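S.K.: Work out the full structure, taking the sequences as your base and the hints as a guide.
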Amino acid sequence: MSFQSFGDFLAMGHHGPYVWSAYAISLVVLAINVASPLLARRRYLQEEARRLRREANK
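Numbering (the numbering used here) for the sequence shown: 1 to 58.
Hints are computed from structural coordinates only; laboratory data are not their basis. Errors might be hidden in some of the hints.
[Unchecked claim] Okay, the calculated beta carbon distance ranges per label pair: (1) Asp8 with Gln46: 46 to 52 Å; (2) Arg54 with Ser21: 17 to 23 Å; (3) His15 with Arg51: 52 to 58 Å; (4) Leu52 with Tyr18: 47 to 53 Å; (5) Ala35 with His15: 26 to 32 Å; (6) Glu48 with His15: 34 to 40 Å; (7) Pro17 with Ala56: 56 to 62 Å; (8) Arg42 with Gly13: 40 to 46 Å; (9) Val34 with Phe6: 48 to 54 Å; (10) Phe3 with Ala31: 27 to 33 Å; (11) Asn33 with Asn57: 36 to 42 Å.
Computed from a predicted model, the values in this text were never measured in an experiment. Note that beta-carbon positions come from the ideal geometry of N, C-alpha and C, so glycine has one too.
M.R.: Structural data, given as structure tokens:
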């Protein structure tokens with residue numbers, strides 16, 4: 001499929017909003033799937049460090 005202009009490419013034959021929103025939603029889900037475990041690991045390590053400091057001070 002060839003497009004006459006960049007605007008035609010973005011419009012995708014009047015299917016552009018569906019196509020680009022699907023890409024955007026997919027990228028958001030992928031970003032969440034990457035970021036969530038990283039943030040959970042950081043939170044776990046911080047909690048463990050706090051717990052170890054509390055136990056060392058007893």
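S.K.: Taking the hints in turn, state whether each one holds.
M.R.: Results of checking the hints against the structure:
1. Asp8 with Gln46: 46 to 52 Å: This hint holds: roughly 50 Å between Cβ atoms.
2. Arg54 with Ser21: 17 to 23 Å: Violated - the Cβ-Cβ distance for Arg54 and Ser21, about 48 Å, lies outside 17 to 23 Å.
3. His15 with Arg51: 52 to 58 Å: holds (53 Å)
4. Leu52 with Tyr18: 47 to 53 Å: At 51 Å between Cβs, range holds.
5. Ala35 with His15: 26 to 32 Å: holds (30 Å)
6. Glu48 with His15: 34 to 40 Å: Violated, at about 50 Å.
7. Pro17 with Ala56: 56 to 62 Å: At 57 Å between Cβs, range holds.
8. Arg42 with Gly13: 40 to 46 Å: holds (45 Å)
9. Val34 with Phe6: 48 to 54 Å: Taking Cβ atoms as reference, Val34 and Phe6 lie about 30 Å apart, which means the hint is violated.
10. Phe3 with Ala31: 27 to 33 Å: Cβ of Phe3 to Cβ of Ala31: about 28 Å, so the range 27 to 33 Å holds.
11. Asn33 with Asn57: 36 to 42 Å: holds (38 Å)
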